[in-house]
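Participant: Sequences are here, hints too, so could you generate the full structure?
Number of protein chains: 2
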Amino acid sequence: MSRLVMKFGGTSVADVGRIHEVARRVKAEADAGHEIAVVVSAMAGTTDQLINWTADVANLHDAREFDVVVSTGEQITSGLMAMALQDLGLTARSWLAWQLPVRTDGVHGSARILDIEAAEVGARMAKGEIAVMAGYQGLAPDNRLTTIGRGGTDTSAVALAAALGAERCDIYTDVEGVFTADPRIVAKARKLDKITYEEMLEMASQGAKVLQTRAVVMAMNHRVRVQVLSSFSEAPGTLVVDEDEIVEQQIVSGIAYSRDEAKITLRRVADRPGVAAAIFGPLAEANINVDMIVQNVSEDDETTDLTFTVTEADLDDAVKVINGARSEIGYEEVLYDNGVAKVSIIGVGMRSHAGVASRMFGTLAEKGINIEVISTSEIKVSVLINEEYTELALRALHHAYGLDGA
Amino acid sequence: MSRLVMKFGGTSVADVGRIHEVARRVKAEADAGHEIAVVVSAMAGTTDQLINWTADVANLHDAREFDVVVSTGEQITSGLMAMALQDLGLTARSWLAWQLPVRTDGVHGSARILDIEAAEVGARMAKGEIAVMAGYQGLAPDNRLTTIGRGGTDTSAVALAAALGAERCDIYTDVEGVFTADPRIVAKARKLDKITYEEMLEMASQGAKVLQTRAVVMAMNHRVRVQVLSSFSEAPGTLVVDEDEIVEQQIVSGIAYSRDEAKITLRRVADRPGVAAAIFGPLAEANINVDMIVQNVSEDDETTDLTFTVTEADLDDAVKVINGARSEIGYEEVLYDNGVAKVSIIGVGMRSHAGVASRMFGTLAEKGINIEVISTSEIKVSVLINEEYTELALRALHHAYGLDGA
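These protein sequence lines map, in sequence, to chains A and B. The working numbering applies: residue 1 is where the first sequence begins, and numbers increase by one. The working numbering applies: residue 1 is where the second sequence begins, and numbers increase by one.
Note that these hints are calculated values from the structure, not bench results. Cβ coordinates follow ideal geometry from the N, Cα and C atoms, glycine included. Do not take every clue at face value.
What the hints assert, rightly or not - Not the full set, but computed from the structure, chain A residues with beta-carbon under 10 Å of chain B: (1) L60; (2) E65; (3) G73; (4) Q75; (5) I76; (6) G79; (7) A82; (8) M83.
Facilitator: As structure tokens, this is what we get:
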């Protein structure tokens with residue numbers, strides 16, 4: 001008897017018909033001899049309705065009350081799913097966050113899961129009862145409900161899998177797994193059988209929306225084997241696992257992109273100690289995340305150009321902050337551009353192979369694509385390019401790294 | 001500083017606009033210096049939607065999971081109401097049943113409230129915080145959610161008022177109070193300023209839908225002063241209070257009616273010990289409530305006719321039960337009729353006045369209305385009549401007992 005956590009997102013449980021579909025999949029795994037915990041999201045659309053109500057009541061609302069309202073979506077699905085499983089003759093019961101409990105740090109609206117007390121759930125699973133846990137919710141130290149941020153049910157599922165010592169956490173979604181690139185853009189993209197935690201983390205961070213970054217971090221930290229697969233098909237998905245489970249490494253496993261990027265350049269910044277702090281301190285205080293940062297070598301007049309990227313949504317605020325801090329920073333001019341995209345190649349094989357980045361630059365140069373900013377990590381190279389070249393770049397790189405399918 | 005519990009039903013909080021309206025009423029009471037707890041129902045329509053989902057998932061569903069799903073309606077309103085109060089500059093927080101907790105006996109779908117731990121809520125109210133409690137829900141001994149039956153939020157509110165030692169429990173609804181008779185039928189019906197618990201209980205039991213019977217029982221047992229009033233008008237409502245608060249008693253305070261009645265007659269039942277048990281035992285086992293019972297004096301052949309009433313919804317089942325128990329009971333024939341209505345006159349003044357019932361019978365006789373069954377209690381006389389005469393009977397009795405308004 002091995003333990004399995006099965007997580008179903010909003011589109012997978014969008015209505016009563018879908019809930020019955022999902023219940024049949026759960027039954028198949030139960031019939032195969034697994035002990036099963038199911039983790040559910042709110043039915044598609046429900047969370048938006050609840051959020052709209054809170055926004056209609058008050059523009060600035062209490063995050064604690066937001067959590068009271070919005071966590072009902074998952075509560076509803078957990079009860080309905082338990083009923084649907086019972087209707088198939090299975091023993092099942094719902095679990096709300098406060099019942100286990102799922103302890104969080106109490107930051108309302110975006111809490112972090114600290115610990116799940118899964119002893120009773122585990123004991124009941126061992127007796128054949130299927131646990132259906134409401135995702136996305138937790139219990140704060142002050143005995144109030146918290147939600148753990150949009151898409152947090154992935155994290156709930158991985159945390160429960162860790163607490164239960166589950167063999168695997170299956171994340172059912174509306175795509176069939178993790179692909180070498182977005183198949184809507186790259187026709188020859190292939191589904192990966194396996195991907196490492198580190199690669200998945202970079203893929204998620206660099207724009208692939210298949211799995212929440214936080215869930216990957218939690219899986220990596222607790223060494224939970226995660227499978228991403230579709231609840232709308234029977235095809236096997238992609239396993240996210242430890243590096244040593246993958247026998248033959250590709251140099252590049254996947255290519256990610258994000259159009260949600262904006263570039264800000266400060267012209268002729270005084271090249272003196274403390275200038276970076278003068279720029280990025282105020283941005284951090286304004287809760288603006290800065291991604292890529294590039295500083296050119298100093299000019300003869302001891303000034304330099306400094307470029308960084310933020311999300312498109314943060315661009316206006318970031319420019320305001322920079323303008324407000326002009327006298328502290330000291331620059332000639334601020335330029336900005338939101339017509340840019342970030343394209344990233346990702347693969348743990350890079351560590352042991354030279355020339356990976358230069359092949360990327362060469363491939364883009366061949367297609368006449370100018371690189372505006374470069375940033376690298378141990379297993380990733382990202383470039384910022386003109387947004388109009390995104391599709392061209394993805395397809396060229398997909399081919400260049402031998403990822404094209406048959 | 002006196003404590004006030006304010007309860008708002010589904011139509012009073014039907015949408016975000018209504019929630020803001022209600023919040024303004026709460027603010028007016030807070031500004032007047034009261035410590036306030038608000039108890040809310042689900043937004044009108046929400047509970048039906050939730051119940052429909054549970055019915056769609058499975059015909060026979062687990063009552064525990066039903067409670068998980070359906071209790072979300074009140075949870076949503078509690079959070080939204082707290083936000084709306086905060087938006088008016090008040091300090092407010094929501095309370096879910098498991099947070100106080102509201103302890104129940106654990107009968108899912110129709111639990112009874114055993115106890116409310118209101119110490120923390122009371123302490124916070126004393127500091128000016130408005131408590132917003134989700135009605136209709138409780139916590140079972142096994143740490144699972146229970147609901148307390150349709151309309152149970154009235155009971156939640158009265159129970160909280162008792163636990164808090166509140167000066168009054170205001171039940172806001174869509175009518176202006178308790179009337180001497182249904183104003184849709186009796187144009188001269190008047191709103192009562194005050195009514196005793198006992199009268200209110202009989203009014204509720206005999207068909208007046210303004211307040212849940214269980215809530216009245218709880219108010220009577222804990223001597224909670226209840227006011228029934230409209231959230232759609234500023235008019236004062238009806239106070240439900242102890243008898244000694246009412247200086248001048250009417251002989252008859254109100255007239256109630258119910259068309260949801262069916263009459264069953266067993267002809268020529270053997271008049272022997274144990275026959276009543278043979279009839280009503282099986283009905284009780286089938287969960288059928290019997291209301292009025294009349295047994296005629298024995299005929300020469302030692303048989304008698306026995307008549308009783310059930311709700312219209314129970315009529316078919318009741319006849320089946322009686323047919324099934326024919327050999328044990330022993331009767332010649334079973335007759336039934338659902339074209340009947342029950343009309344009741346109610347008033348604590350009856351205790352000290354003779355001739356109240358005979359005036360009822362005389363008034364009905366004058367109008368040519370035949371009485372089929374009579375049943376009486378200390379403060380009530382009920383008669384079963386042909387349903388077609390309901391309006392005529394109500395107006396005639398209303399006039400006869402001097403209840404007609406100007």
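Participant: Hint by hint, say whether it matches the structure.
Facilitator: Going through the hints against the structure:
no. : hint : result
1   : L60  : holds, 8 Å
2   : E65  : holds, 4 Å
3   : G73  : holds, 8 Å
4   : Q75  : holds, 5 Å
5   : I76  : holds, 5 Å
6   : G79  : holds, 4 Å
7   : A82  : holds, 5 Å
8   : M83  : holds, 5 Å
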